[in-house]
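Residue numbers (full-length UniProt numbering), protein chains in the order written: chain A, 1 to 224; chain B, 1 to 224.
Just so you know, not all the hints are guaranteed correct.
If several chains are the same, the list does not tell them apart, and a pair holds so long as it fits within one copy or across any two.
As the list claims (entries may be wrong) - Straight-line C-alpha distance at most 30 angstroms; calculated DSSO-like pairs for lysine-lysine: (1) 129 / 118; (2) 136 / 78; (3) 183 / 23; (4) 118 / 136.
Since the hints were derived computationally from the structure, they do not count as laboratory data.
Protein chains: 2
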Amino acid sequence: MWQLFQFPLCPFSRKVRLLLGEKSVGYELVRESPWLRRDEFIDLNPAGQTPVMADPTSGILLIDSTAICEYFEETIDKAALINGTAVNRAEIRRLVAWFDTQFYGDVVAPLMYERMEKRLVHRMTPDAKILREAMKRAIAHLDYVDFLLDHRNWIGGATLSLADLAAAAHISVADYLGGIDWKGHEQTRRWYAGLKSRPSFRPMLAERMEVIAPPKHYDKLDEF
Amino acid sequence: MWQLFQFPLCPFSRKVRLLLGEKSVGYELVRESPWLRRDEFIDLNPAGQTPVMADPTSGILLIDSTAICEYFEETIDKAALINGTAVNRAEIRRLVAWFDTQFYGDVVAPLMYERMEKRLVHRMTPDAKILREAMKRAIAHLDYVDFLLDHRNWIGGATLSLADLAAAAHISVADYLGGIDWKGHEQTRRWYAGLKSRPSFRPMLAERMEVIAPPKHYDKLDEF
Chain A
1 MWQLFQFPLC PFSRKVRLLL GEKSVGYELV RESPWLRRDE FIDLNPAGQT
51 PVMADPTSGI LLIDSTAICE YFEETIDKAA LINGTAVNRA EIRRLVAWFD
101 TQFYGDVVAP LMYERMEKRL VHRMTPDAKI LREAMKRAIA HLDYVDFLLD
151 HRNWIGGATL SLADLAAAAH ISVADYLGGI DWKGHEQTRR WYAGLKSRPS
201 FRPMLAERME VIAPPKHYDK LDEF
Chain B
1 MWQLFQFPLC PFSRKVRLLL GEKSVGYELV RESPWLRRDE FIDLNPAGQT
51 PVMADPTSGI LLIDSTAICE YFEETIDKAA LINGTAVNRA EIRRLVAWFD
101 TQFYGDVVAP LMYERMEKRL VHRMTPDAKI LREAMKRAIA HLDYVDFLLD
151 HRNWIGGATL SLADLAAAAH ISVADYLGGI DWKGHEQTRR WYAGLKSRPS
201 FRPMLAERME VIAPPKHYDK LDEF
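Just chain A, with the same shape it has in the complex:
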């Protein structure tokens, strides 16, 4: 069985898990804390980042969330998630990159550093100014998601795609860390409530990161 090296708040691992869930690929979770830079993990992935997937039976090792998602999209027919024409697929990949780079850099990375890494690793308190800035940027990003959903059923186009999973993965980590203000984002809320209720999503909502509790609404399907 596949092993997935990850930690509960890794947004890139969440994206992979959502894809594996939609495609009904079985896997076992292996807890990895990349900030510890464990020698055996660096040997596996010199970049030192989660997610990594390993299949001990075949010896296959998959590294990097984009490479992992493309691999399962190519090898598992069920639930095509980078779907449609070449132009549709380019739009899905653009939006995956948007969440993996822009949303992550503007919102998720500063929240994770201030609320998680500072606490777990450096034993410091978060910088309120940086948190406020990240939350302000999150609002601008949700405005963009609202805009996309005004024109489309799903974030990447007419059907559920990897763009939705990437967006939900990053938003869910930001939401866990108290960085999302849901007021005024009706479209995005409705879309996110739909995603939260999917069988691929629900197990993740039940998991907790040590020492950090999410806000009360985090795992509720109809609260924000």
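Guided by the hints, dock chain B onto chain A, whose structure is given.
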């Protein structure tokens, strides 16, 4: 004809140009300086980053270097660059992500900020300490490329792939900015000399970024 919005030292645009060159896809260069945040460009790409490709005839707009490369890989049969089995393809994509994220973040981004953006935008002198740190990290990265080339003919496997083009794109920008110390990296030098002599690469070596001159060896095929 395709238009490619880019500037001469954008490593992500260089990766796309190398791929288009290998596949013999014609395009016209449109100079874009993303740091100016031109309104018309932000309308085109809300992420505000190069490369962007537009085809005025069909109205197709492609954004993000990964999405662009995958698009042409899917639509142009000539010169498969994400090739081989699903596992080979995952390894190629891992290495593309390695150069686009790790090498870029460790080496290219600080060099570009210190040597290009500070000069062009902020009229400041570069920070020597940050430059030294980036150059030291570049050495560790070239050690890794040496290691890969000890085991393979090309960076991603047995044949030329997008991993080589991504690596060459980022290394060439770092080399232009004086950040690469070629001493002791015999394997990587030989590989890079081979890439430099390809018709897809040579036009880029002749281009210059205003106010910043590359070191003398930069566009020579046999000097380092």
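Violations among the numbered hints:
2 and 3
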